[in-house]
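**Q** Sequence:
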Amino acid sequence: MVRIRLQRVGLKKQPSYRIVIADSERARDGKVVETIGFYNPRTRPETIQLKEDRALYWLGVGAQPSDPVKILFNTTGTQARFARLRAGEALETLVAEADTAPKPARRPWTPRPASCPRAFPQKGCCRR
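According to the working numbering, the stretch in the sequence shown is residues 1006 to 1133, in order.
No lab work stands behind these hints, which were simulated from the structure alone. Just to be clear, a hint being listed does not mean it is correct.
[Claimed, not checked] The list that follows gives simulated cross-link-like pairs (lysine-lysine, DSS-like), each with its CA atoms no further than 27 Å apart:
#, residue 1, residue 2
1, Lys-1017, Lys-1036
2, Lys-1017, Lys-1075
3, Lys-1056, Lys-1036
4, Lys-1075, Lys-1056
5, Lys-1075, Lys-1036
6, Lys-1036, Lys-1018
[To be verified] FRET-style restraints, in silico, Cβ to Cβ:
#, residue 1, residue 2, range
7, Val-1007, Ala-1088, 17 to 27 Å
8, Asp-1072, Val-1014, 13 to 23 Å
9, Gly-1093, Val-1014, 14 to 24 Å
10, Arg-1033, Gly-1067, 15 to 25 Å
11, Ala-1085, Gln-1054, 15 to 25 Å
12, Gly-1093, Ala-1032, 30 to 40 Å
13, Ala-1095, Leu-1016, 34 to 44 Å
14, Val-1037, Gly-1065, 16 to 26 Å
15, Gly-1015, Gly-1093, 35 to 45 Å
16, Thr-1105, Lys-1017, 30 to 40 Å
17, Ala-1032, Thr-1105, 16 to 26 Å
These figures come from a predicted structure and were not determined experimentally. Just so it is clear, CB atoms sit at the ideal spot from N, CA and C, and this is done for glycine as well.
Sequences are here, hints too, so could you generate the full structure?
**A** Here you go:
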């Protein structure tokens, strides 16, 4: 079975991921069929670059996205566009819409307040 999944790249403790098409029996960092995007969770806001037309193509031929990729597809709207593609809308209009669609808004990072007594605040300490 063909899967759409994340392939870890980057340095130690600085992960970034490629969104790839791979056989489900291959290793995580093994040989891939195609690279369709990139995801960097360490930037604010998170960076998601995706070849929308290739993602819709692979979903159309039966590739199954992994759970993290499903979350990314919901964030970018790819999953909703795939449902509309199956309902009969043209691929060209969906890809054009994806190119002009605004990027998803993420909650901005807020630094800890200066009054925090801890060097590394724990969950529920100072940040709300």
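**Q** Kindly indicate which numbered hints from before are broken by the structure, ordering the numbers from low to high.
**A** 9 and 17
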